[in-house]
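S.K.: Listed below, chain by chain, are the residues.
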Amino acid sequence: MKMHKVEQLIIATVGFFWCFLMWFSTAAFSPSIAAHYHLSLAALGLLASSAIWMAPIGRIIAGWASDRFGAPRTFAVILAGCGLVSILSAFTTNYNLLFLERVIVAIAGVSFVVGIQHVAQWFDAQEIGTAEGLYAGTGNVGAGMGALLLPRIFGTNYHAAFIWLGAIAIVIAAWYLLRGRAAKSIERRATVQRRSNVRGTVFVWSRYIAIALMLAYAMSFGLEIAMNAWLPGYFTRGFHDAILALGFSGVAGLQIAAGTFAAVESFCASLFRPFAGYMSDLFQQKGWTPLPFIARTLPYAPRLHWLGISLILIALCMIGLTMAGLSGSLHASVLLLVLLGICISFGTGGTFALVPLLFPDRPGAAAGFIGGVSTAAGIVYPLIFAGGSNIHLGYLHAAVYMFVPIILFYFWAARYERHPEEHGLISPALLATEQA
Amino acid sequence: MATTSSNTPTRHEPWFKYGVATLFLEMAIAIAVSAYSLYMTFNGLGGFPGKH
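Chains as they are written, first to last, in our numbering: chain A, 821 to 1256; chain B, 540 to 591.
Calculated from the structure, these hints are not laboratory results.
Just so you know, these numbers come straight off a predicted model, no measurement behind them.
Glycine included, each C-beta is placed from N, C-alpha and C at the ideal position.
Check the hints yourself; a few may be wrong.
Stated by the list, open to error - Straight-line Cα separation of at most 27 Å, DSS-like style, residue types lysine-lysine; simulated pairs:
id, chain 1, residue 1, chain 2, residue 2
1, A, K825, B, K556
2, A, K1106, A, K825
3, A, K1106, B, K556
4, A, K825, A, K1004
5, B, K556, A, K1004
Unchecked claim - Quick look at which bits of chain B chain A covers, simulated, 3 or more residues with Cβ under 8 Å:
id, segment
6, 553–567
7, 575–583
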């Protein structure tokens, strides 16, 4: 049966969208769950944070599994497993069991790297940025849609929501198994499967360029998830009087305004991501290589330059946020926040336009490492933001002490004009990998 | 600017123009929703859809 790659892109995107919807469905109903079980503020915080617990290690395993068993099987297992537990959680009456079940449902968030691997196995180099961007950007919207639509559709009846989310996930799992194909060709599939071993994984993890891309993703996606958690509190404290002057009153009013600024940043970071992938393709097509030091003759060199520009823009936006905050201008701060959201999307889209090209024989292992380990940064940034003497200085500290070193390391790792993936902490000869 | 990566025009497959149209639509949605949300907030009328 002949399969078209656009069909594979649609299946992966729908599966990812639904997984993200399930991933953040607990957060969408956390007020209802808290009211039902009379949860304390600390318990509510624990429930909210549990969504991210499985991401780092889960994405690493999922990336390897997609190389080994193929994306359709891996994605179907994630969808069906999380869907089944979501349905079970709707009938649970014990909070501890419900908490455990929702942690398992949150495993759905690891599906991101499986779809990245799937799309990489079907699309050619000149269009990989746009294809991966459409997949990741459109799928990411599932998180926002969950927060917006689920409480409106189901009200406080989270039991019904969990049943519907789980049932539809099982249907999508069946569709994925029925219509999904792991790769464009048998040869491509066989090569990836053959190299999905421990040596291959160690090879990827020890490459300087893979570490640089992981740090680049930590600087973009890691920052995005950190800002989601940090921004409402930042605006409430840092611009308290300015928000009240807009006409809002009380804690609820402050939450609406501060939550809106955070949501706008996150929304732009998601919906501009396909454009970022397209820009990577455009850089490639036009052959633009404007930055110094970074390689210029590699087949994908322009994409390295696009990501380098994105990282610099993120750092500049962070410095700008501190300056706007210190000046006391709410309007300038929000404007820079929107720009930051767009630049973050440039970083996320630019990173995953490169990963499949740098590691074409191990796309899942590479996506798992880069997309998994980087999420831990989401825990680190808020600690830096909150650690300064002035609430506005945290962005500057993160930019100077974390982002500048990351950018310098990226430039250093991306300078090789031939096979950057051969340079790493361990010699490829020692790992005895079959390099093409 | 030196490059050896691509000096010939890239011929895209038919799906590509629909993909590009989709991504521009997504960008337009992001700009429209952001503009609406920020207008509402800066005028003290509400906020991001769902945050009224």
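S.K.: Each hint needs a verdict: does it hold in this structure or not?
M.R.: Hint check:
1. A distance of roughly 15 Å separates the Cα atoms of A/K825 and B/K556; the hinted pair therefore holds under the 27 Å criterion.
2. With a C-alpha separation of about 25 Å, the suggested pairing of A/K1106 with A/K825 holds against the 27 Å cut-off.
3. The straight-line distance between the Cα atoms of A/K1106 and B/K556 is roughly 17 Å, inside the 27 Å bound, and the hint therefore holds.
4. Using a Cα cut-off of 27 Å, the hinted pair A/K825 and A/K1004 holds, with the two alpha carbons roughly 8 Å apart.
5. Our distance criterion of 27 Å between C-alpha atoms is met by B/K556 and A/K1004, whose separation comes to about 21 Å.
6. As drawn, the segment 553–567 of chain B meets chain A at 9 residues by the rule of a beta-carbon pair under 8 Å; at three or more, the given contact holds.
7. Check result for the segment 575–583 of chain B against chain A: holds, 7 residues qualifying (beta carbon to beta carbon below 8 Å, three or more required).
When held up to the earlier numbered hints, the structure conflicts with none and fits them all.
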